[in-house]
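Each protein sequence line maps, in turn, to chains A and B.
The first sequence begins at 1 in our numbering and counts up by one.
The second sequence begins at 1 in our numbering and counts up by one.
All clues stand as given, with none of them false.
Chain B side only, calculated, beta carbon under 8 Å to chain A, not exhaustive: (1) Thr-9; (2) Ala-10; (3) Ser-11; (4) Phe-14; (5) Leu-15; (6) His-28; (7) Met-44; (8) Glu-56; (9) Val-77; (10) Leu-78; (11) Tyr-79; (12) Ile-80; (13) Glu-82.
Have a look at the derived ranges for each label pair, beta carbon to beta carbon: (14) B:Leu-62 / A:Gly-17: 35 to 41 Å; (15) B:Thr-57 / A:Gly-78: 20 to 26 Å; (16) B:Asp-67 / A:Leu-7: 46 to 52 Å; (17) B:Tyr-55 / A:Ile-3: 44 to 50 Å.
Note that these hints are calculated values from the structure, not bench results.
Predicted, not measured: the structure shown is a model, and the values here were computed from it.
Using N, Cα and C, we set each Cβ at its ideal position, and we do this for glycine too.
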Amino acid sequence: MSIAEILPLEIIDKTVGQPIWVMLTSHREFTGLLVGYDDFVNVVLEDVVEYDANQEIKRHAGKMLLSGNNIAMLVPGGKRI
Amino acid sequence: MSGVESKTTASAQFLSNIIGQAVVVKLHNGMLYQGVLESIDGFMNIALNQATEHYETDENGLLHRYDGDVFVRGTQVLYISEA
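The whole structure should be built from the sequences, with the hints applied where relevant.
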């Protein structure tokens, strides 16, 4: 018998205040500092870099609320190059 | 507390903090709207004042200027960010 020892959202919870890499269901990606998230996995990021098809397209100095609707994957630690 | 702050979530706190500020809103189709945030609700429905319309980034030129208020439907919103 086994119960998951780490809940999926615990991984995100541990990443609050640290860099994170957010991949959407499209070719769009965001990296930034994870400020927080809610039950829908809407995500608040800070100092965001926005990518489309791996091309940097926009930088955002302040905070951003990113809709959880199209989030496919979250990677703690930020974007690997 | 597990992820969600004890009372208000990070998202709710962010939304209440940016009312009246200049924001950028991007939709799923890539349209970008810059304007002053009049109000926003839990569906991410958004009311902007003095909005300008661009594609992907404002460096791609001005497509349209809306002098009054615009309503942006929450289902189409990808993100809202401090300008």
